[in-house]
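Novice: Residue strings, one per chain:
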Amino acid sequence: MLAETGKGNQRAFNLLVQRHSPKLHAIVKRYVRSTEDADEVVQEAFWQVWKTAEQWKPGEARFSTWLYRVAVNRSIDRLRKDKRRSETAVGELPDMESSAARADVVVEDRQSLTIMQQAIDRLPDKQRLAVMLSTHEEQSNAAIAVIMGGSEGAVEQLLVRARRSLRDIYRELS
Amino acid sequence: MTLEEFDEALLRWGPDLDRWPQHQRQAGRELLSVNAQAQPLLDEMTKMVGMVDTAIMDDTAAGIVSATVQQAIIRRQESLGLMSLLPVRRILGWGSLASVGGAAATVLVPVSANAPALLTIALGGMLP
Numbered sequence: 001m002l003a004e005t006g007k008g009n010q011r012a013f014n015l016l017v018q019r020h021s022p023k024l025h026a027i028v029k030r031y032v033r034s035t036e037d038a039d040e041v042v043q044e045a046f047w048q049v050w051k052t053a054e055q056w057k058p059g060e061a062r063f064s065t066w067l068y069r070v071a072v073n074r075s076i077d078r079l080r081k082d083k084r085r086s087e088t089a090v091g092e093l094p095d096m097e098s099s100a101a102r103a104d105v106v107v108e109d110r111q112s113l114t115i116m117q118q119a120i121d122r123l124p125d126k127q128r129l130a131v132m133l134s135t136h137e138e139q140s141n142a143a144i145a146v147i148m149g150g151s152e153g154a155v156e157q158l159l160v161r162a163r164r165s166l167r168d169i170y171r172e173l174s
Numbered sequence: 001m002t003l004e005e006f007d008e009a010l011l012r013w014g015p016d017l018d019r020w021p022q023h024q025r026q027a028g029r030e031l032l033s034v035n036a037q038a039q040p041l042l043d044e045m046t047k048m049v050g051m052v053d054t055a056i057m058d059d060t061a062a063g064i065v066s067a068t069v070q071q072a073i074i075r076r077q078e079s080l081g082l083m084s085l086l087p088v089r090r091i092l093g094w095g096s097l098a099s100v101g102g103a104a105a106t107v108l109v110p111v112s113a114n115a116p117a118l119l120t121i122a123l124g125g126m127l128p
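Protein chains in written order, with this note's numbering: chain A, 1 to 174; chain B, 1 to 128.
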């Protein structure tokens, strides 16, 4: 499919976008903490993929690893340009009580989910990204290291800290 | 593997033992078979990860597929020469070009900046 995309086949490109963009958007959105920026990062990442599809070598990395590396680099650029975002983002997080008030018969589940979303959003950037790539995209620790540009050992430490924090929250909810 | 090491491995590699390094996976499975405290830890991590996965899900990306494809098509067209035609428009008033990157393309652009641009691009089954 990527080879066809490299030849300019729009249908193949469309399939790639359909297959990968929803999860990519979800992860980027929680990483950069902005739907608008996530839209742009995803669009830029796929454009980069299309432009350079012919250069991709199947033996070197999974396509998704390559795609996420491109998207993460774009995201980091945006986070650097707007460092204030991480400070204001906590204030923009959904309010637990107001969310619960809107819920109906699934108040408890909805509230737990909202609390977990807040816990994820409050993780440090690298921990948040690592745990999302591991959980939502099911990337291996080695692949996450490639995506984030670090060592596998460093990724494991990020994951240990992130999962421990989230498990503490989960235990309180339980 | 001790229970503490099993717990550390859950945090490091997650609840899917198939994703653990081989020798840790084997040791983890052996512990699960002999230590009754290991299974609740695994079950807890499995449920927690499921909850995290659900929490990450995004319900705001409904239009992302079409927007991404459309944006890429526009950029593709620009990169393949339509932007470079602009100087031609300034010189000739009307530009008519064909065969960009092997695909047939005809571009008609009125001289007046106020008039609506007429842009016709005839492409084959593939994008140029």
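One should not assume that every hint holds.
Derived pair list, reagent style BS3-like, types lysine-lysine, alpha-carbon separation capped at 25 Å [unchecked claim]: (1) A:57 x A:7; (2) B:47 x A:126; (3) A:51 x A:7; (4) A:7 x A:81; (5) A:23 x A:51; (6) A:57 x B:47.
In case anyone wonders, no lab produced these hints; they're calculated from the structure.
Novice: With reference to the structure, classify each hint as holding or not holding.
Specialist: A quick look at each hint next to the structure:
1. A C-alpha spacing of about 15 Å is found between residue 57 of chain A and residue 7 of chain A, which places the hinted pair at or below 25 Å, so the restraint holds.
2. Annotation: proposed proximity of residue 47 of chain B to residue 126 of chain A holds, straight-line Cα distance about 23 Å (limit 25 Å).
3. Straight-line distance between C-alpha atoms of residue 51 of chain A and residue 7 of chain A comes to about 10 Å, which keeps the hinted pair within the 25 Å bound.
4. Under the criterion of a C-alpha separation no larger than 25 Å, the hint pairing residue 7 of chain A with residue 81 of chain A is inconsistent with the structure, at around 34 Å.
5. Proximity of residue 23 of chain A to residue 51 of chain A is assessed by CA-CA distance (about 21 Å); at most 25 Å being required, the pair is judged to hold.
6. Of the supplied pair hints, the one linking residue 57 of chain A and residue 47 of chain B is violated, its CA atoms being roughly 37 Å apart against a limit of 25 Å.
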